[in-house]
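**Q** Using the hints, put the two standalone chains together into the complex.
Sequence lines, in order, name chains A and B.
Position one of the first sequence corresponds to residue 1 (the numbering used here), numbered consecutively onward.
Position one of the second sequence corresponds to residue 1 (the numbering used here), numbered consecutively onward.
Please keep in mind that the hints were generated in silico from the structure rather than gathered at the bench.
All residues carry an ideal CB built from backbone N, CA and C; glycine is no exception.
Be a bit skeptical, because a hint or two may be false.
As the list claims (entries may be wrong) - Take a look, some chain A residues computed to stay more than 10 Å from chain B by CB distance:
1. 7
2. 60
3. 62
4. 84
5. 94
6. 95
7. 133
8. 174
9. 183
10. 208
11. 217
To be verified - A few chain B residues facing chain A, derived, Cβ under 7 Å:
12. 283
13. 306
14. 308
15. 322
16. 323
17. 324
18. 362
19. 363
20. 372
21. 373
22. 380
23. 381
24. 382
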Amino acid sequence: MPIKWVLPWQPNAGTTASSQIVNEVTQCVESMNGVKDGRWKATLTFYKPMLRDQTLASEFPRDFLGMSLPEQPSKYYFIIRGQRLVLEADSSIQTIMDKLQSYKARVSLNFEGFQYQLGDFQLRVGKVSPTHSEALRGIVMEVEYLPISSMEKSRQMMEEFLDIWQDALSKRSLPGHFVHLEPNFADFGLGDLYTSQHTAVQYATVVAQVISTVQAGQAVRN
Amino acid sequence: MQQQQQNPAATAAIQNVAVQSNSAGGSSTAEAPPKQVALAMDRLSHAARLIADIRLGADRLLEALFVAAQPHQSNKPVKLFPNEDASMRQHLQDLRSIGKQLEESGVLSESLRSRSNSWGLHMPLVCPDGAVVAYAWKRQLAGQAGASAVDRTRLALKAFTDQKRRFFPHLDEDLNGQDSEPNVKKHRSLQVVRETREEDLSDCKTLLDVLTRLEKEVPNVKIVTYERLDWSKRASSLPSSANENPMEALKEHNFHTSNRMKPVSLGNAAPDKAAVIELFFPSIFRAIVSLHPAGSIDPDAVAFFSPDEGGSYMHARGVSVYHVFKHITEHAVMALQSFLGVEVETALYSLLHWICSYQNLFTKVCSKCGRLLAMDRQLGLLLPPIYRPYQQFSAFKVSSTQPNTSVKDQSSNLARAYHIGCFSEDT
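Next up, chain B with everything else stripped away, as it sits in the complex (with noise of 0.2 Å):
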C-alpha cells in the first residue's frame, strides 16, 4: 500500500516545494542519475502528503454538510465550503503536476531503465500491486535469488535422477509421464516380462522347484547345494591349480564329508537349510550363489571363479584371483540387484539361468564386434565377452508364444554377448 505520511503542518512548506519543482521543469534528463533518483524519492513522498491532505479536506467537507444539515447551525460552515474547495482544488492540481513529473522520470513505468545513462541505477518503481519499491534492481535480486534457487534445486533433481537411472535402473519404472521414448518402453516391456513370469510363477516357489526346473532347461549345468559351513570346507579342499590330481585329493576329502560330491539334483543339503549353491561348468567355470535365509529363494551375493580354483576365499563373495572373472563377478552383482529389484519371486531363477547363460563364455563372439578376445583399452587386459545383458532378461522365454516384439528382443537377449568396451547402454 501506499506510504501514509500524515504531516498537515507542514502542507504549506510542501505546496511551496512543488511549485517550485514544477517550475524547474518536468523533465529532469539534464541531470544525474542520483539526482534524479533522489528527486524522484522526493516527488514520492511530496505525492503521499498531498493525498493525506486530500483526504483530510474531504472529511472536512464532509462534516461541514453534516454541520450545514443540522437544523440551529450558523453560517459558519457556510464559510467553510469554500475555503475548502479551494484548498482541495489546490490539493489535487499539485498531485496532478507531481503525477505528471513522476511518470516522465520513469517511477511509474520503468522507462528510465531503457536510457543508458542510468549508470546502473533504478528509479524508484511503484509496482503495478501499489507497492513502492526504492531501487528497483532490489526487486529484481530478490527475483533472481529465487528464480536461481529454483534452477538449482532444478539441476539437482536432474542429476540425481540420471544417477538413479544409471545405477538402480530397475526403479525406473516409478516415474511417469515425462520420460524419454526408451524409458517409456522399457516401462512397457518390463509389464509383460512381469505378466508373463507370473503365469509361469506358480510352480516356482520353493529352492528344490527352482533347481529342479533350472536343470531340466540347462543339461550341461552341475547343481550342488551345500550348508553354509559345508561349502566353506569344500571350499578349502578343492584343488588349486597347480594340483594335477584333483581326483586324489576329493577321494580323500570324501572320506570326511560321505555323499558331499555327488551332483545330486535335489541337493545335498536338507532343503530348509541350503545356504550356498554351487553352479558348475566342468572346465568352464564355477558359480557360488547365496542365499539369505538359508532355505528361501531369496539370493543375496554371487561371484564366478576359475573351474580349477580352491581355496577359503571361495564364496559368494569373494573375488577370483583370474581377471576375467573378477570382471564378470563385477556384472553379476550388478545383474543380481536388477533382478532383485525388478521382481523379488523370480530373482534367483533369473539369476541362475541367466549364470547358465555364460557357458559359452570362452566360445561366444562378442555381439559387436564380432571377435573372441579383445584387448579392453581402459583395464588393458585380453579379455573375453564378458557381458551378457540383464535387463528384461525373461527366464521364461522357452515357454512364451506371444507376439508380442518385446518378448522376442527378450530372448534374443539371451544370445547376446559383448565385451567391456563394446557394451553401451542402448543396447
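So that you can see chain A by itself, here it is in the shape it has in the complex (with noise of 0.2 Å):
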C-alpha cells in the first residue's frame, strides 16, 4: 500500500487553526496542480472502560484508541500509544463492544476535508473538529506517493516534497507550519512495508499533539 505521511498542522504561539488558514492550504495545492479528487473523513475516538469498580481504573491504560479510516472501510483499528500495541480488527468490533458494554466513547474526533491528485502524489487537507460540533480544533494534511510502498526507499522523495511544500505554503506567510513527526513504528511491530495500521500509529501521534496544541491555545487565552 503507498506510503503515507500524516502531519499535524503546528500554530505559531499565541493563534489557533482557522478555517481561513484550511482556505489558504486548500489554494495552495490547487496551485501545484493538484485536481480536487473527493471527500475524506476518519475518525478517532478515546474509550474509557465501563467498570463498577472505579478503583481498577488505573490498571487500564488511559489513552485506548480506537480509529476507522477511509480507505478500510470494513476494517477498525486499537491503538495504545503508551504500550506501543496496534491492532487491526473487523469494524463489527464496535458492536461487539457496545454489546459488551466494556468499553464507552469518551470523545470521538473527525478528521475530514478534500483530497487532491498531484501526479503521482495524493494529498488530503482535512479539519480536526468534535463529532458533534462544527468547531474546528486543528488542521492535519495527509501526503501519500502512489508508486512505492517501502518506507524507507521513498523517504527522501517524501522529505523533498514536504520541503517543496513548505516553500510554496511559506509564501503565503500563514501563522503556522506542518510538522512531521514521525513515531517509531518498529516499536509498535510494525515493518518497512507501509500499512493502514501505520496510518493509525501516525493518528494517534497527530491527535496527542493537537490536544495539547488546543491546551496550549487555551491556556493563553485564561
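**A** Encoded structure:
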C-alpha cells in the first residue's frame, strides 16, 4: 500500500487553527496543479473502560484509541500508545464492544476534508473537529506517494516533497506550519512495508499533538 | 547558333533601312525602353540577313574564281568580280554599323541593364555561347527556377537530416566528412565501444549467458523468465497496491503454478521458450522485457511498472498507471531502439544493464540541478530524475582498462540521471 505521512498543523504561539488557514492550504495545493478528487473522513475515538469498581481504573490504559479509516471501510484499528500496541480488527468489533458494554466512547474526533491528486502524489487536507460540533480544533494533512510502499525507499522523495510544499506554503505567510512527527514504527512491531496500521499509529501521535496544542491555546486565552 | 534568315530579295530594302537607321544615329537613349527593345530586335534580324548576304556573295566570288580558272571562259567572270566586290564591301560595312548600334544599345554587352529607365525590360541578349535571348530576364528566370529548385532540395535534405539525427541518433555513423565536431567524436567513440564490446561478447551469446552475467554484476536484481502465456497469468495474479497481503495471493497462485515464483537465476522457462524477462527490484520497480522470437536474445519491447502494480495490462507493451513509470517507459523505448541500432548482438545485455541503473530511481539526485524531486513545467508533475543517458552506454565498463577518454565518459554516463526538463542533447 502506498506510503503516507500524516502531518498536523502547528500554529504559532498565541494563534489557533482556523478555516481561513484551511482555505489557504487548499489554494496552495491547487496552485501546484492539484486536482480535487473527492471527500475523505476518518474518525478517532477515545475509549474508557466501563468498570463497576472505579478503583481499578488505574490499571487500564488511559489512552485507548479506536480509529476508522476511509481506505479500509471493513476494518477498525486500536492503538494504545503507552504500550506501543496497534491492532487491526474487523469493523464489527464496535458493535461487539457496544453489546458487551466493556468500553464506552469518551470523545470522538472527526478528520474530514477534500483530497487532491498531484501526479503520483495524493494529498488530503482535513479539519479536526469533535463529532457533534463544527468547531475547528486543528488541521491535518495526509501526503501519499502512490507508486511505492517502502518507507525507507521513499523517505528521500517524501522529504523533498515536504520541502517543496513548505516552500510553497511559506509564501502565504500563515501563522504556523505543518510538522512531521515520525513515530517509531518498529516499537509497534510494524515493518518497512506501509500498511493502514502505520496510518493508525501516525494518527494516534498526531491527535496527541493536536490536543496539547489546543490546551496550550486555551491556557494562553485564560 | 545565330538565326539563319535567307532573304536575298529584300537585301536592297534592308540596305535602305540600314542606311536610314544609320542616319537616325547610333544612340537610342532618347527613346522609350519598349522602342529600344523593338529597334534592337529589328537590328538583330538585319544583322542576320546581312550575314546571309555576305555568305552568298562569298559563294559567288568563289564560283567566279572557279569559272575563271577554267580554260575556255569568256569575260563574264571578270565582270562579276568588281560587282561582287562592291556588294560584299557594302554588306560588310552595313554589318559593322549595325554591330555598332547593337553594341551601343547594350544588346551585346547588357549595358542597358544598368540604366535606370529600363522599365524592367532588358535588351535582347546575344549570349557568349551565341544564343540570342529575346528577353534576357527569361534566361534569368529559367536560371532562378533552376537555382530555387536546388535551394529547395538542399533545405529539404537539411530538414530530413536534422530529424533523422534527432530521432535515430544511432544511424549517424553513416554520415561522413561534413559532420560537425560532436558527431565526429560520437562516431569515433562508438567505434571504440563496438571494439570493446566485440572483445567481451564471446561469452554472451545465449540468453542464459546474458542473464547469468547480469546477475553477477547486479546483485540486487531478481530476474525471472517466463513463457509468454505464463507471464499473462502471473501479471493478472499480481496483487494491486490495494491488497495488503501480497503473500496470500502468491501462495494461492503457487498452488497452480508450482515453482514459478522462485527467483531462480537460470529462469523457470525453458531457455528456448523464454519470451518474457522480468527484472524486479523489490520496493522500487518491476521491468518487463519481451523477446522475439522466444528463446533468442533479441528484445523487442520494454516497460516499467510499480513494484505493487498488478493486472493483465502489465506486459512489455503495457503502460503503468503511475506517471513516473509511464515516462520511464517512454524513455526506455528510445533506449531500446538506440541499443538495437548500435549493435544488435549486445542490445539485450545493454538494455538489461541500463534498466538496472534505475535501482536508485528514488534516491539519486539529478546531475544537473542537484535535487531529487522537481516540478516538470511541461507536464505539471512532480517527478524524480527519469532520464538516464543511453547513448554511448557501455555495459562493459567494468572490464575495460583503456586510458581512452571516451571510455571514461561512458562509465561516468552510468552514474548520471536527469529530470526530463534538465536533460539536453549536449549532456
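**Q** All hints are to be evaluated individually against the structure, with a verdict given for each.
**A** Evaluation of the provided hints:
The beta carbon of residue 7 of chain A is kept farther than 10 Å from every beta carbon of chain B, the shortest such distance being approximately 17 Å. The Cβ of residue 60 of chain A sits about 30 Å from the closest Cβ of chain B, beyond the 10 Å cut-off, so the non-interface label holds. Under the 10 Å C-beta cut-off, the non-interface status given to residue 62 of chain A relative to chain B holds; the minimum distance is some 30 Å. Every CB of chain B lies more than 10 Å from the CB of residue 84 of chain A, the least distance being 21 Å, so the non-interface label holds.
No Cβ of chain B comes within 10 Å of the Cβ of residue 94 of chain A; the nearest lies about 21 Å off, and the non-interface call holds. At the 10 Å boundary, the C-beta of residue 95 of chain A stays outside the reach of chain B, the nearest C-beta of that chain being 23 Å off. At roughly 34 Å, the least C-beta separation between residue 133 of chain A and chain B is larger than 10 Å, which holds for a residue marked as non-interface. Every Cβ of chain B is farther than 10 Å from the Cβ of residue 174 of chain A; the closest lies at roughly 21 Å, confirming the non-interface assignment.
Under the 10 Å C-beta cut-off, the non-interface status given to residue 183 of chain A relative to chain B holds; the minimum distance is some 19 Å. Every beta carbon of chain B lies more than 10 Å from that of residue 208 of chain A, the smallest distance being close to 26 Å; the non-interface claim holds. Residue 217 of chain A, annotated as away from the interface, keeps every beta carbon of chain B farther than 10 Å; the closest lies near 34 Å. Proximity of residue 283 of chain B to chain A holds as hinted, the smallest CB-CB distance being about 4 Å (cut-off 7 Å).
Given the 7 Å rule on beta carbons, the hint for residue 306 of chain B holds: about 4 Å separates it from the nearest Cβ of chain A. Taken as an interface hint, residue 308 of chain B checks out: its beta carbon lies about 6 Å from the nearest beta carbon of chain A, inside 7 Å. For residue 322 of chain B, the shortest C-beta to C-beta distance to chain A is roughly 4 Å, which falls under 7 Å, so the interface hint holds. The closest approach between the C-beta of residue 323 of chain B and any C-beta of chain A is roughly 5 Å, which is under the 7 Å cut-off, so the hint is satisfied.
For the restraint placing residue 324 of chain B at the interface with chain A, the shortest Cβ-Cβ distance is roughly 5 Å, inside the 7 Å limit, so the hint holds. This hint holds: residue 362 of chain B has a C-beta 5 Å from the nearest C-beta of chain A, less than the 7 Å allowed. The interface hint given for residue 363 of chain B is met, as the beta carbon of that residue sits about 5 Å from the closest beta carbon of chain A, less than 7 Å. Annotation: residue 372 of chain B was flagged as interfacial toward chain A, and the flag holds, the nearest CB pair being 5 Å apart, inside 7 Å.
At its closest, the beta carbon of residue 373 of chain B sits 4 Å from a beta carbon of chain A; the interface hint therefore holds under the 7 Å criterion. Because the smallest distance between the Cβ of residue 380 of chain B and any Cβ of chain A comes to about 4 Å, under 7 Å, the interface hint for this residue holds. Annotation: residue 381 of chain B was flagged as interfacial toward chain A, and the flag holds, the nearest CB pair being 4 Å apart, inside 7 Å. Hint on residue 382 of chain B holds. Least Cβ distance to chain A is approximately 5 Å, under the 7 Å limit.
Checked against the numbered hints above, the structure breaks none of them.
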